[in-house]
Amino acid sequence: MKEEEQIWRACLGGKLKDQEQFYRYFYGYAMSIGLRYSGNREEALEIVNDSFLKIFNNLDKHNPEKSIKAWIRRIVVNTSLDYYRKNQKYRYDIDITEAQHGIVDENTFDRLAVEELLKILQELPPAQRSVFNLYEIEGYSHQEIGEMLGIPEGTSKSHLSRAKNKLRELVEKL
2 MKEEEQIWRA CLGGKLKDQE QFYRYFYGYA MSIGLRYSGN REEALEIVND
52 SFLKIFNNLD KHNPEKSIKA WIRRIVVNTS LDYYRKNQKY RYDIDITEAQ
102 HGIVDENTFD RLAVEELLKI LQELPPAQRS VFNLYEIEGY SHQEIGEMLG
152 IPEGTSKSHL SRAKNKLREL VEKL
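Heads up, this note's numbering is the position in the sequence shown plus 1, with the first residue counted as 1.
Note that these hints are calculated values from the structure, not bench results.
Check before you lean on any hint, since a few could be wrong.
Subject to a maximum C-alpha distance of 20 Å in a straight line, what follows is the list of computed EDC-like cross-link-like pairs (lysine to aspartate or glutamate) [what the hints assert, rightly or not]:
1. K174 with E154
2. K18 with D51
3. K55 with D19
4. K120 with E145
5. K70 with E21
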């Protein structure tokens, strides 16, 4: 039995000590996801803590035949999206025809350190950051992203295009 599964099984008993061990073991993993979706470390911490509350309240719903990390990732991503929707101050839809298409040098991102990339991602507006993460990192289609965020598919494409352009500008400034 994997260490991760042992930690999960121990948590099912509901003991605070086991929950603390679970939290410490998976905190870094959850925080790395939260940082990609948040605007700053404080938001990421709020997302991660909300995620762990959901995790602890639903430990018995995890399928032990599947990866615990994938289950945790799904919860953190969904919590991030809930946070985005809850805190969205201004909502506007942009037609895809308004998006500018630019060429992104894919090798540029390979040269960046993880911390630099996270800092740059956090400079994107929340809508663009969410779409970029969902499309480029999580692998969702624009149709799926539109359904998740409650936006048209064209708006998802527009946000992605604008995010890539903004990221290119930010990287060039480095």
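Here is what the structure says about each hint:
1. K174 with E154: violated, 31 Å
2. K18 with D51: holds, 19 Å
3. K55 with D19: holds, 16 Å
4. K120 with E145: violated, 26 Å
5. K70 with E21: holds, 17 Å
In the structure shown, a violation is registered for the earlier hints numbered 1 and 4, in ascending order.
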